[in-house]
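Engineer: Here is what each chain is made of, one letter per residue.
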Amino acid sequence: MNRIISLNPGDKAVVERYAQSMDKAYKLKLLALGLTPGTEFTLVKTSPFGDPIEIELRGYRLSLRRHEAEGVLCSQ
Amino acid sequence: MFTIAVAGNPNCGKSALFNLLTDGRQKVGNWPGVTVDKKIGRIKHKNLDAKLVDLPGIYALDAWSEDERISRDYLLSGEPEFLLNILDSTNLERNLYLTTILQEMGVKMLVVLNMIDIAEKNRIGINLEQFEKELGSPVVAVSALRAGSKSIIINKIAELLKTDNKPSPVPVPSEIENASEENKDELLAEWRYKRIENIMAKTVKKGISAYAQSDKIDRIVMNKFFGIPIFLLTMYLLFWLTIHVSGVFIDFFDIAFGAIFVDGLRYVLTNINTPEVIISILADGVGAGIQTLSTFLPITFSLFFFIGLLESSGYMARAAFVMDKVMRTMGLPGKAFIPMLIGFGCSVPAIMATRNLENKRDRILSVFMVPFMSCGARLPVYILFTAAFFPSNAQNVIFALYVIGIVLAVATGLLLKGTVYKGSLAPFIMELPQYHTPQIKGAAINAMFRLKAFIKKSGRILIPIIAILGVLNSVGVLPAVGKSIAPVFSPIGISEENWQASVGLFSGLFAKESIIGTMNSLYSQGAEKEEDEEFSLVEKLGEAFVSIAENAKALGEKIKDPLGFELSEEDASLFENIRKAFNNSSAAAFAFLLFVLLYVPCLSAVAVAAREVGVVLVLLQSLYSTTLGWCLAVIFYQLVEGHSVPSIVAAALILPAMVLGIVFYARKSGRFSRS
Ligand SMILES: Nc1nc2c(ncn2[C@@H]2O[C@H](COP(=O)(O)OP(=O)(O)O)[C@@H](O)[C@H]2O)c(=O)[nH]1
Ligand SMILES: [Mg+2]
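Protein chains in written order, with this note's numbering: chain A, 70 to 145; chain B, 0 to 674.
With the rest of the complex left out, here is chain A:
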């Protein structure tokens, strides 16, 4: 199991499931944005400080904070 927190630019990952601890409102938002289980995404770039990050999925780009998205459990 991999965590978004340890991905580097260029890395690909697939969403496996959401951690139980994840904030419900945030989880619903990420689901609406297309991070459904089975979805592949690529970490495209990070801010110069390393966080937030930008990922590409379903043909578009989305920015997230690493530690907030920690509950998105994925595999590489």
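Hint data in this document are derived by calculation from the structure and do not stem from the laboratory. A quick note: this is a predicted structure, and the numbers were derived from the prediction, not measured.
If you want a taste of the chain A side facing chain B, the calculated C-beta under 10 Å gives, among others: (1) Lys98; (2) Pro106; (3) Val113; (4) Arg134; (5) Glu137; (6) Ala138.
Cβ atoms here follow ideal geometry from the backbone N, Cα and C, with glycine treated the same way.
Chain A is fixed; fit chain B with the ligands onto it per the hints.
Structural biologist: Below, chain B with the ligands without anything else, positioned relative to chain A:
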């Protein structure tokens, strides 16, 4: 009236289409989520006469998010009879998610594929007829940039309204409806996206990546090493341009508005034999209020103009992306750096800029922090005092004042974050837009809107207050006020004989730069008084126009010598007076500057802040910063020079008591709470 709601993801071009359809104007920006208020317009066309309501940009209709709840409640209220669902054609998969939800609700709607011009350019092939059939809702493809899109949309709506069968809701499979609570959300989203993937696979041909161009720029702009220097440089440039461009026009407004509304009004009223009291109220009161307001126009306009340019270029979103990690330590999102930055220019537009923050908590926190940034009006006071008392290291003292302000802003942020706002920050979701050529016209329209809002809303509060104070001033009450409040300032080293300084602080409420002018005129009183010259409007207006040319010339010189500032000869006598009044005490002078930095931001700032977060919180902020300023000034002066233990103890007790009081009130009243 027949009502149509407009719904879609942030940045899909809703505002642009809304403007096109209503022939009206609305803010068009690059921030996801710019549209927070409910905006209403009207379609007037030979085939359709209807009211149009712009919903906030949303991704779904969950009850958990405020914007989505607003939209959901509104759609279910029954008021809108028809819905325009706007989609970004270059990002169909995600945009269709909202469409599937609307279909499950059985809303009568038209799906509008916007930005079709970009989709065509990126060679995204959409088979429209088949797409419509697979989706099961009527569809049109348009570009908000093409004028013909208006009639395409309107004619299609008119056609759909002729038949009035409501679409039947798309059913959610029962195994998902009946799934356990913990899996349901995932299953439902997965099912919707499967449906979308299916439609897309059959009807949409993928184009070329739209990100290639922006990625090239970002490789430099967001680079690990260059990213931060580029950010700092851009902000410095933004700031420098704003201050200096507005600086060219500020005297024009001051002189011209003063000539018309103060001197001109007085002249006219005198000539028609108006009683002196009324002249005083109208000219020295209301007229002076309008004049004060007018001096804020150039800086407000130019700040929002340059920010609009940067926003439309796509860089502003990146700046927020870069700053996020830094701002987060204070419990604020990345884009909250914008009001802080603007605060170094002027608190008024800075506080107005807090509107771009989605959460109330972020807006309140920012309103508490912004006034600690040393604004442009405080700088002349710093310059004069440091030149008089610290001639050999004036720069360092001024720099220290800026740093103290920043440190206190951060401390305030941390204090509120640690006590009132214990909950974690709202999760951050953001899209970095593509880079575009900056839009000059759009930025100018935008800045005009901000300007009008400022005049309308702040004028209502500011002009009456300034009118009252102006009248008090003109009947000569101020020295008495100054003398009566002087004892309050004696612990910070301002003796009671130096009541002129108290009056200066009082007049600083209008605008902090007037502290110097007031003190100067009071110190030199008894000397020659300015002769009443014959009033000539033409001459004054001429003078106003000349000031633009002069300031522009001065700007040219400043570009050659960006850090230099000069003190004129007249200042020399003022130096003498100030040194005498402050008993040659540099400790008292610094304490005074500390207080100038921290006490109530000017009334204009208070007025705009009242509009953003309410009167009570603004009064609380004023109380907070003024008490803080007083206590710190007392402690500093008494430690260095006064050595009065009771004063130190009093200040050291008042400070924590005030902080505790505010925290206690904040928690009890719930006024600070999230919503
Ligand atoms: N090329 C192109 N740009 C568009 C179109 N519609 C909107 N835009 C631009 O896309 C950006 C976001 O539009 P806006 O109306 O603010 O989106 P909103 O957040 O949905 O209200 C703005 O810079 C618009 O000028 C379109 O059809 N074609
Ligand atoms: Mg909008």
